[in-house]
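Q: Sequence:
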Amino acid sequence: MAACGNSVKEKTKDNRPEIIDNTQPAISNTIQAEAIKTGADNFEAYLPLLKNKKVGIVTNQTGIVTLNGNNTNVVDFLLDKKVDLKKIYAPEHGFRGTADAGELIKDGKDTQTGLPIISLYGNNKKPKPEQLEGIDVLVFDLQDVGARFFTYISSLHYIMEACAENGIPLILLDRPNPNGGIVDGPTLEKENTSFVGMHTIPTMHGLTIGEYGKMINGQKWLKNGVQCQLTVIPCLNYKRTTTYSIPVKPSPNLPNDQAINLYASLCFFEGTNVSLGRGTNKQFQVYGSPYLPNTGFSFTPAPNEGAKDPQYNGKVCYGEDLSKYPKVNRIELKWLIKAHNETADKSKFFIPFFTKLAGTTQLQQQIEAGKTENEIRESWKPGLEEFKKMRKPYLIYGE
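According to our numbering, the sequence shown is numbered sequentially starting from 8.
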């Protein structure tokens, strides 16, 4: 069994913990065809670390333990194992994962367990010292989808920072990346840093969230270069080329494998006047707007779970249905370029948020200048090669 992450070895001269990397070599490609076990399923590796500790957990509906074919929320699992769980910290979409994207999540109590829930979204993205009082160790279990603008990796950054500043160890339960090892897209420029892009990485990073945590630590991306006492509990029987289907929706608007696969390509539409299907049952599988030509496919957004007031609510949108499109292994720009070219008033196509999603001003400029997809992709190559070299020391699983 591979062990990975960082641990505290001893105090340094200035009485600060010395962070050491105790990662084992990358797990070999010659893994037997056994069922994948997530970090949460690999409970024999972390339950001893929680014994006689007051525990907090960062999780939501994606934090599940599969035992004898049955799925149980990790919170319920830990309570059943008599772990002294004190608080739940919830990211965007809330603990049960039903809130709209960007919706304000308030603190409260979980109705099923009675545990206090602390929201880590809105103005409180980073736990305050008083919110961590009485916690000996924090557990992190969220399902990422491999895209820079999926905010669970941003929540991880702030959790690691808070743990480092308050001397609290963090145990990260790793989960497979459903988009495997795809590394693609423009690299974020520091001046465009935001909660939908906190680090100078490409749009798709090709890492598991455990590997990403190791990278945050190793690159000293936390404030003032602090490092978190991080232990990553690895997945078992997993390699990056393994197909992995998430058993629950990672967010309300990613309902299935198709949406998750197209997410990084279609999310750019969030920075335009084009809908990507919020308010339908094909979120991130269709795109359209009232300003595109009628080519035979249309949809009309209406309020639903995760989209209480969707873009173009009640208006007919013309575009394209990609719900049956073959699986992609890179970011596809053709739909974005096509929608821009077919929008009559191009001055209204992009909105300022597009630069935050792209992480650079260059992509909008390239599309407006009529660059082809191949020309745009060529401009990404230097950043992608540099990132691949940088990420290599943090890999836990074989390519």
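Derived by calculation from the structure, the hints in this document are not laboratory data. Watch out, some of these pointers could steer you wrong.
In silico lysine-lysine, PhoX-like type, Cα no more than 20 Å apart, as pairs [claimed, not checked]: (1) LYS133 - LYS93; (2) LYS227 - LYS133; (3) LYS334 - LYS322; (4) LYS93 - LYS135; (5) LYS355 - LYS197; (6) LYS331 - LYS315; (7) LYS135 - LYS116; (8) LYS341 - LYS322; (9) LYS322 - LYS355; (10) LYS61 - LYS93; (11) LYS289 - LYS334; (12) LYS399 - LYS132; (13) LYS44 - LYS135; (14) LYS230 - LYS246; (15) LYS246 - LYS132; (16) LYS289 - LYS322; (17) LYS44 - LYS334; (18) LYS44 - LYS93; (19) LYS89 - LYS61; (20) LYS197 - LYS363; (21) LYS315 - LYS341; (22) LYS227 - LYS399; (23) LYS197 - LYS227; (24) LYS396 - LYS246; (25) LYS227 - LYS378; (26) LYS246 - LYS322; (27) LYS378 - LYS355; (28) LYS396 - LYS378; (29) LYS353 - LYS331.
Taking CB as the label site, the calculated pair distances span [said to hold, decoys possible]: (30) TYR332 - GLU137: 47 to 53 Å; (31) PRO310 - LYS88: 38 to 44 Å; (32) SER354 - GLY129: 28 to 34 Å; (33) ASN348 - SER386: 46 to 52 Å; (34) LYS355 - ASN288: 23 to 29 Å; (35) ASN244 - GLU312: 30 to 36 Å; (36) GLY121 - GLU196: 30 to 36 Å; (37) THR307 - LYS345: 17 to 23 Å.
Even for Gly, the Cβ is constructed at its ideal location relative to N, Cα and C.
Q: Can you give the numbers of the hints that this structure goes against, from lowest to highest?
A: Hints 3, 5, 6, 8, 12, 13, 14, 15, 17, 18, 21, 25, 26, 28, 29, 33 and 36 not satisfied by this model.
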